[in-house]
Every structure is written in C-alpha cells, then in structure tokens.
Amino acid sequence: MKLKFLGGCNEVGRSAILVDEKIVLDYGLRPSDPPEVPLTNGGGTFSPESVVISHAHLDHSGMVPSLMASAVRAGTGAGKGERRKRRSRSGKAGSGSGRGSGVSGRAGPEVFMTSVTSDLAQLLSRDTIKVGKDQGFSLFGEEEVKWLGEKTQTLAYGERVALNGSGDYDLELHNAGHIPGSSGIHLKKEAKDEEISLFYTGDTKTGPSRLMKSASPDDFPAADILLIESTYYGKDHRDRRELEKEFVDSVKETLNAGGTAIVPCFAVGRTQEIVMILHSHGLTPFVDGMGLAVFGLFKNHPSFLKNAKALNAAFGDSEFVNSRKRKKSLAKPSVIVTTAGMLNGGPVLYYLKRTYDDPKSKILLTGYQIEGTNGRRLVEESCVDADGEVLKVRSQVEQYDFSAHAGDSELKELVSRFCRNGTEVVFMVHGERTEEFAAWARENCGCEAVAPKLGEDFEIV
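For what it's worth, our numbering labels the leading residue of the sequence shown as 1, then goes sequentially.
Hints are computed from structural coordinates only; laboratory data are not their basis.
It should be emphasised that the depicted structure is a prediction, and the values quoted were computed from it without experimental measurement.
Where is the CB? At the ideal position from N, CA and C, for every residue including glycine.
Among the hints, erroneous ones may be present.
Here are the simulated distance ranges between beta carbons [said to hold, decoys possible]:
#, residue 1, residue 2, range
1, S303, P359, 42 to 52 angstroms
2, E413, A308, 26 to 36 angstroms
3, E246, K332, 18 to 28 angstroms
4, A439, V397, 30 to 40 angstroms
Here are the simulated DMTMM-like pairs of lysine to aspartate or glutamate, each with C-alpha atoms no more than 25 angstroms apart in a straight line [to be verified]:
#, residue 1, residue 2
5, K130, E410
6, K412, E242
7, K412, D218
8, K453, E36
9, K328, D358
10, K453, E432
11, K327, D357
12, K235, D408
13, K252, D357
14, K146, D127
15, K412, E432
16, K392, D358
17, K306, D218
18, K327, E398
19, K327, E389
20, K299, E159
21, K325, D357
22, K299, D317
23, K360, E244
24, K360, E389
25, K188, E459
26, K306, D317
27, K188, E159
28, K327, D134
29, K412, D239
30, K328, D357
31, K353, D387
32, K252, E398
33, K192, D218
34, K245, D317
35, K252, D239
36, K325, D358
37, K213, D317
38, K252, D401
39, K332, E246
40, K453, E371
Taking the hints into account, I'd like the entire structure generated from these sequences.
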C-alpha cells in the first residue's frame, strides 16, 4: 500500500492523505490568510477515484469541492507485496508516479462520509465561497459544491462498502467522538496475493462531552497501518467538570463587573457544546454566527447526538443574533457565543472592535489556536487584526481547553492498543509535535513510527 501525505504533516490543518494514488482520506484547508491548501498529486488539479471524509471541519473537508472540478488524470500504480512483516519505504518528497487512471473531466470521484458530515460539509463549503468573495480569494464555486452533493454516498457507522471506483478496497466508518458525524476510517485492501489494512483516526476523542458520545477504542478494528492525529501529544486535558465550573465562574465574574464576555467558538461542535454548558448553569447567551445554522442541521440528525433534547432546550432558551441585533447584545453586560473560533473573520470581529479596549470585558477562547491565526496572535502578542486594523487588546484574555481531541494519555493508549493488536507501522499526523510522538511510539510500542513530511510518500510492503 502506498501513502502520500499531501497535508497535515507536523501541522494542524489541511489534512490530506493519498492512498495508492487513487483514494484520498480528507482534503482540508488551513484557515490562515489566505488559506493554505493541500498539495496535489504532482501539481495542478487532480481527481482521485474515491474520497473519504472523516468529519466536517474545514481542516479536513474544506477543499473537497475542488476535487469535483475539471480533473487531470491521476495515477493508479499500487505497489504489491507479500504478506509479511510490514515496513515503510520512503520515497522522494513531492514525487508522484503511475499510469493514468482514466478518471477525468466531469466524472469526479465517488465520495463517502456520514450523513451529518455531508450536510455540514456543503454548508461550510458555501460559507467558504462567501468568505472568499469578501476577502479576495477563490478556491472553488457553487457548481463544485453541488457536484459534491451528487457524488456523495452517506454511510452509517459500521456499514461496510466496496469502493467501486477504486476496486479491491472495503471501507468502514467508526464513531470518532470528535463532533457529530466524525469518523475513524478503516480501509482494507484485498488484491491477488495482497491483503493489508489501515485505520485513520481523523480527529478523535475518547473522553466525555455534553454534545456527543465519545469514541470507544474497543470498537476500532485492528489494522496493519495506523494513521493517528497528534494535536494534543504531550498535553492531557483537565477534569471536564472542574473546567466547566472555572469557565462559568469567569463568565459570571465578567458580567458582575459590567463587562461583556465574548466566547469565540468553532461553528461545528464547539458552539453547541458551549451553549449547552452555559444553559446548564443558568446563563442565557446571545448566539451569533454559523453555529446557529449548524444547530439546525444537528436537529435533523438526532442519532448522532448524545442528548438531542438537552441541545434543543439550550438553544431554545438562547437569544439568536444577526447583523441587525448585534448592537442590542452589547447594550448591557452579556455573554456572546460567536464564530469564528480562531478569530479569522466572522461576527467575532464586530464584537472585538467594540470591546478590545475595555478592561472589564473578557475574551474566553475555547479551543486550540493554530499557528498563523488571529487567535494565536491574540494569545502570544495581545493583539488581533480586525479587517486590516491591528487592535492592541486591553480586555482580559483567557483560554479554556474544551477540546474535542484526545489528550496525551488517550493518544498513547490508542497507539499501544493498536500495536498490541498487530499494527506494525504508525504515522503521526495533524500535530505540531509529531516527531516526538513517533519517537515515543518507537521506544514504547515496538512498532515502526513515522512523522511524515509534507509531500513525502511511503510504500508499506
């Protein structure tokens, strides 16, 4: 099996992995200014035969519509080997070879994901088009988004399908516990004398949250190859109940002091989680941004939620805000849950422009801030770029780890569990400390562990 890493190498963002030059696992973008996108297979556009999406966050699904555009031929030369101890053989970074696949023009790849991921991916894609028009970039158009919807086959967890376009591959999705619809991807290849499998965690969480059921590693199938996220390698998460209490106490303290508590959140997953937390503690937030539309989609997929009734109650008691009502939300001390979670655009900039110099107000970050984003700049430099104007922030800034990712101990246990069950090659992706994680796995799990570089390819035989 050949793997080529088109993104997500020693970074959080633009995840993209090419399997046997014909199957793509995730195809995201990095929310910088302008957005960074994955490599293509040898330059220009390309059209794989199959695409599998782990979940609908921009860094995993944001560039999938671009694969629906006019395609150039993609290689199909898949390496074959005997059934023996797995090892990786690194190729030249950035290389791509193989004969043409015969997939070109408007044929487009077949696409697989869960139903809620499909709905969310199309919503986020249309928002990307809108943001691009406002900020002067274009990654794809409405036609590609429509084509994505037409080419998508939605799967339930545990449902096994053959990848018809790619042949010789069986696919299963498993609950990853990250956001509703998020999936770990199990891909099994059986061709002539070759049988080999991989498991890609996508983004995964095995700990508790209010929004959805956590992943159960016992349900993950064994695999020869493991591709595992590394976002929080080296850092464990705090006790969730203690974290919630500290967060809510800080919000109340801000309101009592006469300030505004601004809570930037990712539209998908984090907005809904935070609104549920605030509601459970008797607080009524203003909710602004795309998180409202995402809530509407979640209502259509209750089976992917831990407690749909609690989510509906939390949003039912919240005050929804649009551009005409934003001034009202600032008229008195209030808590405002708004996008974007990393402060790169969205309604949050409206609120920051009006509160950044108020020491009574507070910005409560709720998740990971990728390098190069406004959120990381706020944490490190106490300033933000608001539509070209650099603001020196005097309001208070706090960061809370409401992560939907596995922490250090969970990541290590996942690798250990897979290796005990026969995994021999592990690739560390989607993190800033992948080299350290790989070194830990080699020392403690007796496997071959690799932190791939961008554009690097491997053949596992």
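Original post:
So which of the earlier hints does this model not fit?
Top reply: 5 and 33
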